[in-house]
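Assemble chains B, C and D onto chain A, guided by the hints.
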Amino acid sequence: MAVLKTLLYLFIYPGFLFLLVYSTFCEWVDRKLYARFQNRIGPLHTGRSGILQPIADFIKLLAKEDIVPDAADKGMFRALPIFGLAIVMTAIMYLPLWHYDVSRIGFNSFPGDLIVVLYLLSLPTLVFFLAGWHSTNFFSTIGAARVLTMLFGYEVPLFLAVLSPAILAGSWRLAEIAQFYQQHPLLLLPNIIGFAVALICLQAKLERTPFDIPHAETEIVGGIFTEYSGKKLAMFRLMADIELVVGSGLIAAVFLGGFPGGLFGGFVYFIIKTLAVIFLLSLMRAVTGRIRVDQVVSFAWRYLAPLSVLQLLIVILIKGLFL
Amino acid sequence: MKIAAFLPELLRHLFKKPATIDYPFEKLEVPKDFRGTPILKPELCISCRACVRDCPAEAIEILTENEAEKKFKMIIHNDRCVHCAQCVESCPTDAMFMNQEFELATFDRHTLKASYVYVRATVKPKVPERNKVPEGGKTVTPAAPQTPQLPQPPETK
Amino acid sequence: MEFTVPIGPQHPALKEPISLRMTFEGEVIKKADVRLGYNHRGMEKLAEEKTFIQNLYLTERICGICSHSHTTCFAQGVEKLMEIEAPRRGLYIRTLTAELERVHSHLLWLGVAGHEAGFDTFFMYTWRDREVVMDILEALSGNRVHYSINTIGGVRRDIDEVQRKKILDSLGLLIKRTNYYTGIGVNEPTFVARIAGVGKLTRETGIALCAVGPTIRASGVVQDVRKDDPYAVYAELPFDVCTADSCDVLGRVVVRVKELLESYKMIEYLLKNLPAGPISVKAPRKAKENEVVSRYEAPRGENMHYIKSNGSDKPERLKVRAPTLANYPATLEMLKEGFIADIPLIFAAIDPCICCAERTVQMVDARSGEEKILTLAELRRYSIDYYKKNPIRKEAEWPF
Amino acid sequence: MNDQEIIEKIKAGLKDKALDIQNPAPRRIFFRTDKVHLRETACFLKEALGCAYLATISGVDKGENFEIVYHFANQSACINLRTKTPRNLPHIPSICPEIPGAVLYERELQDMFGLVVDGIPDPRPLILPDDWPQNNFPLRKDWKFERPPEKIPGGK
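Residue numbers (the numbering used here), protein chains in the order written: chain A, 1 to 323; chain B, 324 to 480; chain C, 481 to 880; chain D, 881 to 1036.
Treat the hints as calculated values from the structure; they're not laboratory data.
Every value quoted in this text rests on a predicted model; they were computed, and no experiment measured them.
Hints should not be assumed to be uniformly reliable.
[What the hints assert, rightly or not] Straight-line distance between alpha carbons at most 27 Å, and here's what the computed DSS-like set of lysine-lysine pairs gives: (1) C:Lys-525 / D:Lys-915; (2) D:Lys-1031 / C:Lys-525; (3) C:Lys-794 / D:Lys-964; (4) B:Lys-364 / B:Lys-449; (5) D:Lys-1024 / C:Lys-525; (6) D:Lys-964 / C:Lys-560; (7) C:Lys-766 / D:Lys-1021; (8) B:Lys-396 / B:Lys-436; (9) C:Lys-762 / B:Lys-447; (10) C:Lys-868 / A:Lys-64; (11) D:Lys-964 / D:Lys-889; (12) D:Lys-926 / D:Lys-915; (13) C:Lys-646 / B:Lys-355; (14) C:Lys-868 / A:Lys-74; (15) C:Lys-766 / D:Lys-942; (16) D:Lys-942 / D:Lys-964; (17) B:Lys-364 / C:Lys-762; (18) C:Lys-752 / C:Lys-646; (19) C:Lys-768 / D:Lys-1024.
Excised from the complex, chain A in its bound form (with noise of 0.2 Å):
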């Protein structure tokens, strides 16, 4: 039985086929809502009001012409976005969504999954890195250096802003953080400049405007996808996607009180409280133009980073004053 669980955990729900659909629904509400605000109707035609044109879209690259080209590394090029895909699968096992307890320790809820999954989320801007760097086009390389540039800018405000709810909470277990503010829900409101910190670096974590600066289009044409193609792309998109989906839960665990009520019950939190955030990550992507690569750094250190230091001394000081 528990074996049963553990496989439909990996491969049904909330693992390999739910994400598939998810990401891909995500996707579209992502789009439709981009398009509603820039009073545009958006996808239209494909299933209901164009549900299915994330799909049809994915389905149309695989069928496309890959290409490698001559210079780049093949090794490497073949291998990244499968590898960038199978670490952003692995990191939704990580959520407390289902089939975990919190008083014992299980595969995929432990002290420190925490920093498991900020890790997680670190390495598919590497596999960005690399996927450009190893492409050796002009543009792919500037992206690639563009990727490790933001890195620099927006990393450090993320964790720091991430950590200091897990500090309130006393845990760096996910589940037992998202269980604390289930008790205590009105401790969320100190994290309030934790969690818009914590916003604006997920969007540049996605590199989505106004930090969709690695794929530029009017600049550097394709930036780090320049040379991709076909299924190799098909794979990126679908990563960016999943991508989008874990880091949201990400922040719905720890700034929203995770989501509470086993398998139904946590299902439906984790759809609303996911779609919540994208709502807000659309929001800040029509809301905004591109900045400059070095913009983004200044503004993450002249901004963020202090943020999210107050934040933890707001979150140090309730702790050492009223807990």
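Relative to chain A, chains B, C and D alone:
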């Protein structure tokens, strides 16, 4: 400087009807004087070739089918037409007009050719000085009245 | 490490083909060079073989955005050669179309600037509002892009009372939206951070490099053909030449937005003071041997046609100078010491409208680093050979 | 500054280097100069009349000669300076030292008329492709373009 200056506008648009329409299924109406595709009214054409002379895209051809019967053939190459309506302007008898058709895209250029076979009309041109024997225009002088014949329908349209 | 990157002829930031060859050091541009000729259509040669009436439609097709500019410039030149004068109502309608075209071009440009800065929402909104003026132009002239409203000796279509009312009504909306965008343009921090202080062109360099239009006006030079050399009915219109002193892309945005507001004023004046009378006079087919220089302030800058006639119904020589060509030397100057990220913005800030030609491709072999110039035929042969040697695999290569 | 004053200034400043000064329309002044005085004249127009703005350079094929028209403009007039060069020796001096913005127009002249602009800072072709055949200058009157027959897939 404000942060997120666009925000109220964006949220307002979330509840507004989209400005775009679902084009091939829904269409906007074109204004009444829209310059669409040039069409010939064969019963008015006197074969003066003013349109041939002025067409900037060489899209109009007039061939003599039968000299004795005064039968002519006009071919409008819609694949070359630039929709400027200069032919309508140049026509002394208002035999050309533009309809509202604008969706002409096709896989085959031949389907865009519209040809009309007709007997030259005997209409008095409205601007006489425009009608002064243009190049190759032997047939411009008004012909003797002849029994009115029904114009032939266009071959392809 | 310095390396050279070709921006174009095919690049997402460029809507038309042109090649900018940039030498970067890191993210900073050290050298910039421009290669034209990817879209040269030989119009000046072709014009020598067409009659004046046909050339009217040929010049219209020099550019899709400022199609009215080129026909007006050509038509008023030919009118001088033929020694006829268009009636006042015709000139009023001509000017009205010109100003509506300026409104549509500047709104389009604002959207493009937003898009180049990755600000797609701004792009969508401005282009939606541009539809208002496009609809007016369509109702007025019968088409959205090539209005063909000019003819030699006046205009082809009259404007009726219903249209006049409709345009005046729509103006209110356009003014409201333009004022709103002015607020956004100077308030949205991510947008302002991208355009302020970028693409500097000092007054002296601008003058020395013969820049025109909003590009030079944003460097504080008062240069506008509508004021300096009034054509059509601009001599009797109330308007100011808009300038800015910041010499950067922000200044060019400001100049264009100000010009929009001036254009609305002019359109209102033109509609309220529309004289009665005929709209065109009959033009002869032939022009006496003579020459004329016709100037016109297009939305992008000064447009100049030099027309020489030889007594026949065809011009002996037609020289067209579109404003973008005059702005290239200045653009190269502006690009120097900029960032890669600024290229699309700086280049878009002159509102390029590229009309040039070429059939070669520059290929760089990544391994040897040597450059090969291939003609299109060679490139085609190369690609056919490549696919013969490496056929596309039929069976799917599933990565799992 | 009205047209008459400009003409007076040109006459006074250039003396006999400015030949047949015409004023065919308001704000349009045409005059001719020999090509050896070209740079000097451009310099005079720039310094004395404020015509730093060169709108364009037009070339005209006149059979024996090429006529080259430099269209200068200032705030009050468009001053057109003509010069000519024989067809068998098509050389003109570059005015780039005086007016740096002239370089593109001079390159265009080289491409289209086969003129040789002496002292041009950047002599590469501007608009013609790199594989363009030698000694083909499209805007010369003796250069005729044969339109290739239109090929429509599937026959006419």
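Structure-based check of each hint:
no. : hint                   : result
1   : C:Lys-525 / D:Lys-915  : holds (26 Å)
2   : D:Lys-1031 / C:Lys-525 : holds (22 Å)
3   : C:Lys-794 / D:Lys-964  : holds (24 Å)
4   : B:Lys-364 / B:Lys-449  : holds (16 Å)
5   : D:Lys-1024 / C:Lys-525 : holds (9 Å)
6   : D:Lys-964 / C:Lys-560  : holds (25 Å)
7   : C:Lys-766 / D:Lys-1021 : holds (20 Å)
8   : B:Lys-396 / B:Lys-436  : holds (12 Å)
9   : C:Lys-762 / B:Lys-447  : holds (20 Å)
10  : C:Lys-868 / A:Lys-64   : holds (19 Å)
11  : D:Lys-964 / D:Lys-889  : holds (23 Å)
12  : D:Lys-926 / D:Lys-915  : holds (17 Å)
13  : C:Lys-646 / B:Lys-355  : holds (15 Å)
14  : C:Lys-868 / A:Lys-74   : holds (21 Å)
15  : C:Lys-766 / D:Lys-942  : holds (20 Å)
16  : D:Lys-942 / D:Lys-964  : holds (9 Å)
17  : B:Lys-364 / C:Lys-762  : holds (25 Å)
18  : C:Lys-752 / C:Lys-646  : holds (13 Å)
19  : C:Lys-768 / D:Lys-1024 : holds (24 Å)
Checked against the numbered hints above, the structure violates none of them.
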